[in-house]
Every structure is written in C-alpha cells, then in structure tokens.
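Colleague: Chain by chain, the residues run as shown.
Protein chains: 2
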Amino acid sequence: MPTPSRRSQQIPFSPIRAMFRLADEMERAGNGPVIRLHVGDPDFAPPDAVLEATSRAMREGKTHYPPSVGIQELRAALAEKVKRRNGLAAAVEQLVVAPGSTEALLAVMEIALHPGDEILLPEIYWPNYVQQTLIASAKPVFYPLGAGYQPEPGGARSAVTPKTRAILINSPSNPTGAVIPEATLRALYALARERDLWVISDEAYEDIVFDAAHVSPGSFERDLPESERRVFSLYTFSKSYAMTGFRLGYIAAPTLLASTLLRKIQEPLVGSTAMPIQWGGLEALRDDAPIARMRDAYRRRRDLAMSLLKPAGLVDYTPEGAFYILADVASTGMTADEFAVRLLRECRVAVAPASGFALAPEFAPDGLPVGAMTPGGAPEYPTHPKARTRVRIAFCVSDEELREGLTRLVGLAERLRTGRSAGTTVG
Amino acid sequence: MPTPSRRSQQIPFSPIRAMFRLADEMERAGNGPVIRLHVGDPDFAPPDAVLEATSRAMREGKTHYPPSVGIQELRAALAEKVKRRNGLAAAVEQLVVAPGSTEALLAVMEIALHPGDEILLPEIYWPNYVQQTLIASAKPVFYPLGAGYQPEPGGARSAVTPKTRAILINSPSNPTGAVIPEATLRALYALARERDLWVISDEAYEDIVFDAAHVSPGSFERDLPESERRVFSLYTFSKSYAMTGFRLGYIAAPTLLASTLLRKIQEPLVGSTAMPIQWGGLEALRDDAPIARMRDAYRRRRDLAMSLLKPAGLVDYTPEGAFYILADVASTGMTADEFAVRLLRECRVAVAPASGFALAPEFAPDGLPVGAMTPGGAPEYPTHPKARTRVRIAFCVSDEELREGLTRLVGLAERLRTGRSAGTTVG
Numbered sequence: 017m018p019t020p021s022r023r024s025q026q027i028p029f030s031p032i033r034a035m036f037r038l039a040d041e042m043e044r045a046g047n048g049p050v051i052r053l054h055v056g057d058p059d060f061a062p063p064d065a066v067l068e069a070t071s072r073a074m075r076e077g078k079t080h081y082p083p084s085v086g087i088q089e090l091r092a093a094l095a096e097k098v099k100r101r102n103g104l105a106a107a108v109e110q111l112v113v114a115p116g117s118t119e120a121l122l123a124v125m126e127i128a129l130h131p132g133d134e135i136l137l138p139e140i141y142w143p144n145y146v147q148q149t150l151i152a153s154a155k156p157v158f159y160p161l162g163a164g165y166q167p168e169p170g171g172a173r174s175a176v177t178p179k180t181r182a183i184l185i186n187s188p189s190n191p192t193g194a195v196i197p198e199a200t201l202r203a204l205y206a207l208a209r210e211r212d213l214w215v216i217s218d219e220a221y222e223d224i225v226f227d228a229a230h231v232s233p234g235s236f237e238r239d240l241p242e243s244e245r246r247v248f249s250l251y252t253f254s255k256s257y258a259m260t261g262f263r264l265g266y267i268a269a270p271t272l273l274a275s276t277l278l279r280k281i282q283e284p285l286v287g288s289t290a291m292p293i294q295w296g297g298l299e300a301l302r303d304d305a306p307i308a309r310m311r312d313a314y315r316r317r318r319d320l321a322m323s324l325l326k327p328a329g330l331v332d333y334t335p336e337g338a339f340y341i342l343a344d345v346a347s348t349g350m351t352a353d354e355f356a357v358r359l360l361r362e363c364r365v366a367v368a369p370a371s372g373f374a375l376a377p378e379f380a381p382d383g384l385p386v387g388a389m390t391p392g393g394a395p396e397y398p399t400h401p402k403a404r405t406r407v408r409i410a411f412c413v414s415d416e417e418l419r420e421g422l423t424r425l426v427g428l429a430e431r432l433r434t435g436r437s438a439g440t441t442v443g
Numbered sequence: 017m018p019t020p021s022r023r024s025q026q027i028p029f030s031p032i033r034a035m036f037r038l039a040d041e042m043e044r045a046g047n048g049p050v051i052r053l054h055v056g057d058p059d060f061a062p063p064d065a066v067l068e069a070t071s072r073a074m075r076e077g078k079t080h081y082p083p084s085v086g087i088q089e090l091r092a093a094l095a096e097k098v099k100r101r102n103g104l105a106a107a108v109e110q111l112v113v114a115p116g117s118t119e120a121l122l123a124v125m126e127i128a129l130h131p132g133d134e135i136l137l138p139e140i141y142w143p144n145y146v147q148q149t150l151i152a153s154a155k156p157v158f159y160p161l162g163a164g165y166q167p168e169p170g171g172a173r174s175a176v177t178p179k180t181r182a183i184l185i186n187s188p189s190n191p192t193g194a195v196i197p198e199a200t201l202r203a204l205y206a207l208a209r210e211r212d213l214w215v216i217s218d219e220a221y222e223d224i225v226f227d228a229a230h231v232s233p234g235s236f237e238r239d240l241p242e243s244e245r246r247v248f249s250l251y252t253f254s255k256s257y258a259m260t261g262f263r264l265g266y267i268a269a270p271t272l273l274a275s276t277l278l279r280k281i282q283e284p285l286v287g288s289t290a291m292p293i294q295w296g297g298l299e300a301l302r303d304d305a306p307i308a309r310m311r312d313a314y315r316r317r318r319d320l321a322m323s324l325l326k327p328a329g330l331v332d333y334t335p336e337g338a339f340y341i342l343a344d345v346a347s348t349g350m351t352a353d354e355f356a357v358r359l360l361r362e363c364r365v366a367v368a369p370a371s372g373f374a375l376a377p378e379f380a381p382d383g384l385p386v387g388a389m390t391p392g393g394a395p396e397y398p399t400h401p402k403a404r405t406r407v408r409i410a411f412c413v414s415d416e417e418l419r420e421g422l423t424r425l426v427g428l429a430e431r432l433r434t435g436r437s438a439g440t441t442v443g
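The listed protein sequences correspond, in order, to chains A and B. Going by this note's numbering, 80 is the number at position 64 of the first sequence; the sequence numbering is gapless. Going by this note's numbering, 163 is the number at position 147 of the second sequence; the sequence numbering is gapless.
It is worth saying that the hints were derived from the structure and are not from the lab. Keep in mind that the hints are not guaranteed to be accurate.
Since the list can't tell identical chains apart, any single copy or any two copies may satisfy a pair.
Result set (EDC-like, lysine to aspartate or glutamate): computed pairs, CA atoms no more than 20 Å apart in a straight line [stated by the list, open to error]:
1. LYS97 with GLU396
2. LYS78 with GLU242
3. LYS179 with ASP382
4. LYS78 with ASP59
5. LYS78 with ASP57
6. LYS179 with GLU378
7. LYS78 with GLU354
8. LYS326 with GLU430
9. LYS326 with ASP304
10. LYS97 with GLU417
11. LYS78 with ASP40
12. LYS326 with GLU417
13. LYS99 with GLU244
14. LYS326 with GLU41
15. LYS78 with GLU237
As the structure is a prediction and not an experimental result, all values here were calculated from the model.
With the sequences and hints as input, model every part of the structure.
Modeller: What follows is the structure, given as structure tokens:
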C-alpha cells in the first residue's frame, strides 16, 4: 500500500469513539443496558410533518440533483428565518444549504484558510474544529476560557499573529454548555474587525438557550456595507428539530462573493444536499412549537443535573444552553479518562472524557503537526490541562435515566473520595 | 471582507453552470421549452421500493446519527455486492458509505495526496477531479487520451514524476462514454504498482456498459496481500438506480488501514450520511432489474444518437458506456462554446461545451495555480486543445426529445458548413 498523506495520518479521531466501543462491548457481554450520557444525539423524534414532507417530496419526483447551494424554496425560507430569529441581513443568495453543519464548517474553513494560515479556536472545543483545520492544512491556535468556560477576549487578542485569518466562536458551546454574553461576543467581533479576521460563528445550539436570548454575532454587522462584513453564521436542523440523522444545515454568508465561493466549493465537496431532505427541512421551518417543547425538556434536565452534581462538588458553573455539562472529577484523584472507564465498568454509565475536546497538536516549523500515526490510525496529541479532570455529560436520555446515571456517577465519586481521604489507593 | 484563501479563489466552476443559466433564461423569456442535452441526470424515477424503504425508515425512528462510515446492514450488503459484481475481495470493514461519490472522491484524495503532490488525471475529465485536487492543495497532471478517448498507458508513464502519488481511472468515462478495455486497465494498474501510486477508480457508471462487461481495476489485486493493495474503488447509487437526488455513494478501500483513515476523515468532512437514505439504498440493492431496464434505454438512445450524428460526420467513435457522447463540431468552423450558444439561441437545444471538461490550470513554482480570480469568482484557465470543438450530449431525455434535439443540432451544423463552404461569414 502506498503511504497515506501526512495530513490524513495526523488528523485525530473524534474522542467519543472509544466510549462508544467500550459501551457496546459491555452491552454485548450481557448484564443489561448502559446509560449513555456520552452522546449528543437528541432522544426526541423529528416532527411528524417533517417525515411526511420528506416522503411526499420523493413521491412527487423530487429525486433529482438539486442546485449545489440548495433549492430556492428552502433558501428563501432560511433567509426569512435568519432575519427574524438571528437579526442578520442576508439576501436569499447568501443562504447556502449543506448536508449538515459539519460540512458547512469545512466549506467555510476552506474559504477562510490557506495552507499555513492560523485560526483561533476556544481551548475546549468540539473536536471537528481541529480535524477540519488540519484538512485545510492550517494551524489551530487556542484562545483561553475563564470562569464558566467563557472566552477571554484579552487572551484571544494575545493569540493573534500575522498569520491569523479567522476566529471561531461557538455559543452555546459544545462541550461546555456555556452561552457567551453579548458583551463578550462584541469584544471578539471588535478584535476580528481590528485585525481583519473572518468570524466563523457555529450556532448549532442556537435554539437551546435557557436563561437568556441567543445572540448571533452576524447581527453586529447587519448595518455595515458588504465590503466590511466578515461573519459566516452556521446553523443546523440537527438539534433544533431532532433531525441529526437527516444531515441538514446551512450557512448565512457575509457577502455575495463569499456565497459565490461557497457555491463553487460545495460542488467538489459534496455536489449538493439530498433533495427530499431539503423539502423536509422546509416543512420544519413552518412550526417553532417543537423547538420550545424540547428546550423545556433540556432545561428540566439541566436543572436536574445541577441538583445532583452541585451538592456533590462536581460542578463549578451553570451551563446556560446546549444539552451538556462539564463535570470536574478532580476531587476523586483520577483523570477524566480513568474515571470514565471506571464509571462504565462498575456503574454501567458512559460519559465522554473532556480530554478529547482539548487536544492541542504541536506544530513543526514546516507548519505540519508533530506526531506520527500510531497503529490505531492517529497520533497521540497532548491535551489542555484544564480538560484533564473534566467529563462531558449529555442530556439526551430520559429524565429518569439521567437521574439514575448521575446518581451512580455521584456515588462513585464519593466512594473514590472517601477511599482517597482514608488513604486507600485509588485507580 | 477579509481576503478569501487563494485556494478557494482558484478552484474553477463546474462548466455546465453557464449553460444551465442560459437555458433557464431562455425558458423564462418564453417561446417554449429548451431540450436539455447538457445535464447528466437520469430522467427515470428511483424504484418505488427505495422510496418506500426510505419513508419506512423514518417512521421507524431511524432518524438519529448513523456511524460515520455507514450503517452495518448497508456495509455488509455492499461488501457482498462488490464481491459478486466487481470481483473485489473487501471485508465489510473496508466498505465506507458516503453522501454521494463526489464526497467519497474528495475523502480518498485527502488520504492519497499531501499538499504539493501530483495526481494523474485523464486529459478530458469530469471537472470535479480538478476542483478536488485543488482543495487537497495538490497538482493535477494529465495523461493523454488516444483514439476513442482511450488512455495511452505510455503517455501516462511519461507523466509520472517523483511527486506523483496517485492515478485516477474513470471507466466508463464522463464525459466521453469510453469504456476502457481490460488490457489498458491492466497496463495502468501495472504502472501504479511499479511506481507505488494509489489508484482511484471512479466507477460511477459501472452499470451502464453496452457492448462489454465492466471491469473493476480493484479485481486485479484481489489475491494480493493487503500490504500490496492500492485501489480505492468508488461507486454511486446515482446512475444505477436514478437516485441522483439521494446523495448516496460508497468506497471499497484497499486495506483496513485505508478504511480506518476514511472513517477518521469522514467525521470532519460530513459527519455521516443521512440515515433514512441509507435504508433506501439497502433496499435498492435487493433488485437488479431496474438497472437492466435503464441500461437498455440508454443503449437505445446511444444507437439513436449514433444514427443521427455519424452520417453527419459529427462523431468519430462509438461510446460503449455511460450516457454521454462527445460530438465534434470542428467542421462548422466554430469552437464548441460558440456552437453551443448558437444551438441554444437558434434551436433551443442545450449541450455542454467540452472546454469545461478539459481545463488545464498552470502552476507556479510554489505549487499553486497561476491565475487570479475574475469578478465571476474563478480564474479563466486554458483548455486542452482536443476539447476545443467538442460538445457533450447526455442521453437523459426521452427518445423523442433526443431525436428532436439531435436533428436540430445536425441541421445547424449542416447550415453552418454550407454557409462556410459558400464563403459566408459564420459566427
């Protein structure tokens, strides 16, 4: 076999794979189900009307190639949605449909970043960001998060170099659930404007915000002329409508030229987005009620999680959005990876160690990551220390399962702490 | 707006866009429909059972994230299919599902090519190949096609440099319809083996072969140990089952390591392939009868096209597969682009000038294409001279429309020739 490209060797794996495999193995070995708090896939069903519209589109012969940027009907409805809900000023031509916001993010990075360029990412982040940065042959540089995992604009400013071309903002955040306040978003946007950076705003969880209104950074430039705009706003149907398996997302591009480049790059990236799925998405936009119902459920589960984890000393912040919380198991004396494996083995509860959300590849002077592929298919990268004792818990199971899973987690943490304070060896 | 990456500026557009726009404009202006021979999108419907299976999957709750490489049931069925129909020896783990073979091709290129590497492409080719090569920051180098647009292995050998990492083979070919004989495929494979190149075999039209059996280059290495395999075989549901709008394709990887890298790279490229669509694809594999029916129709149309174009001196070969023919309008004294515009304006028939299937970007010493973006969003690249007077005709309309469209085309060509031999100015 010829040697695979260095780039393809050096991309890390998504971190929750290992937990998936372990959880599956345990279930196959018997002794009942595992409580799956490691997966961010809503336990709800998509609205019935969406399924019907998708089926109807197929029956009506909507089975041929759509335009690479999406069908006009959906783009028009999305332009209306981003105006009404996000406060953006985007013409229909600036809306680009994608088979999921994952692909949308990659398309945007290919437009923003040239090989050797740098992008600012939060230091605890959704792992796709670094994978995609490496596909674009660019370099991730991390900006610091303070209390409650809030970005520190001063730290972001210090991370800018002459090679920086973009800053990624993710609010609400996966994996922390942090919702960034408007003042911080404005400070990050001002930095981007001052240093002429693209802003890539991943708003996948825009509809799951509990205690405040979601703010879209693109709204800050709605009154600026096109020539001064810089925000790519990215959205998805996955979380708002429990449509993860449909693979449907979209981009509001800052300018017509940016959307022309997106149209061009969608052709070789994916061709287009499945035609019947687009008609299903159009139907989803007609009714906001399912969004509110699911948001209420996630808020209830967030409150439930806080009521169990906070008294146990396992969290030091309140997530205000998304459906995640990062718990800190430092008091057990274990790393998150050790704790997660023990929790799975002893208590049949799966969580995601945050180490995988904080890989920090080191780079050689040639601009490529340092690190050779292991037999598993990727290098072992260092992890940001802040993530070392954190685990991500997702609220994508029933309230009962969440309560049971977290009760077991708290119980294990307490046993480990007690054993530790009694001088027993742990691990 | 910040400056878009040089890479994103330099990717060319897909060439049939301009004809789409012109044809749409003409229809909007009135005077009846345009006969659309420029689009390679089957005019058939997908099998009913596929639509039903897709709808059923949604109703049964198959609406959540699938694995990035596809659902196990579909991968198992595909492993069986590539064994039976393509003569490959691929374990289930080597089959990777993709949202279309477009994305599959890009994923494979990212694994085969590192920035600065070279890939051998046929000199008349499906335009995505060059777009994708530029996304991978690699360099396309073209191998010559001889009579009947058949690859010349000697010419391919001469094009290999120390930077060459892969050769792309496309049989049956888009845009020529050429089916490469086994002896030529073996010669290209032997070259790849000798120079340790990856082979990327795009077999999108595998089921549309009229006069011979389809041969998969991957079958040449079925008895070799994994360490010596090198062929990525790429397939799609789009053409075989008229499922273009479903966006469903797949890869048979040469080795387990290659499929591990594909699994890793699918995560940041697209996440996964829409879940209900995968169940529809599984259903499609249960019945080969629709394939044979559509193949018969394409053969009939190919024969019809030959019966009109050959006596008119507009073709010098017989396409043996796919649903395309390249006609040569040199005798009219016009370039293909001029002829296509005149045919559309005067006769309301749209064809695709082959110039867009033969763009040959020139490269600077830094490995990047020469050429600045025009206001349209891409550079103007030179075209291979062989394509200058060719137009691609697709057989994706009814027999009646095809006959009418080609009769008009032949009529225009004859008028132009007559005018020319009579000394009249043309153009």
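Colleague: Please go over all the hints and tell whether each is borne out by the structure.
Modeller: So, going through the hints one by one against the coordinates:
| no. | hint | in the structure |
| --- | --- | --- |
| 1 | LYS97 with GLU396 | neither (42 Å within a copy, 36 Å between copies) |
| 2 | LYS78 with GLU242 | neither (35 Å within a copy, 42 Å between copies) |
| 3 | LYS179 with ASP382 | both (14 Å within a copy, 18 Å between copies) |
| 4 | LYS78 with ASP59 | between (29 Å within a copy, 12 Å between copies) |
| 5 | LYS78 with ASP57 | between (28 Å within a copy, 12 Å between copies) |
| 6 | LYS179 with GLU378 | within (16 Å within a copy, 26 Å between copies) |
| 7 | LYS78 with GLU354 | neither (50 Å within a copy, 33 Å between copies) |
| 8 | LYS326 with GLU430 | within (13 Å within a copy, 84 Å between copies) |
| 9 | LYS326 with ASP304 | neither (32 Å within a copy, 59 Å between copies) |
| 10 | LYS97 with GLU417 | neither (35 Å within a copy, 41 Å between copies) |
| 11 | LYS78 with ASP40 | between (38 Å within a copy, 18 Å between copies) |
| 12 | LYS326 with GLU417 | within (18 Å within a copy, 71 Å between copies) |
| 13 | LYS99 with GLU244 | within (19 Å within a copy, 56 Å between copies) |
| 14 | LYS326 with GLU41 | neither (31 Å within a copy, 63 Å between copies) |
| 15 | LYS78 with GLU237 | neither (37 Å within a copy, 40 Å between copies) |
Comparing the model with each earlier hint shows violations of hints 1, 2, 7, 9, 10, 14 and 15; every other hint is respected.
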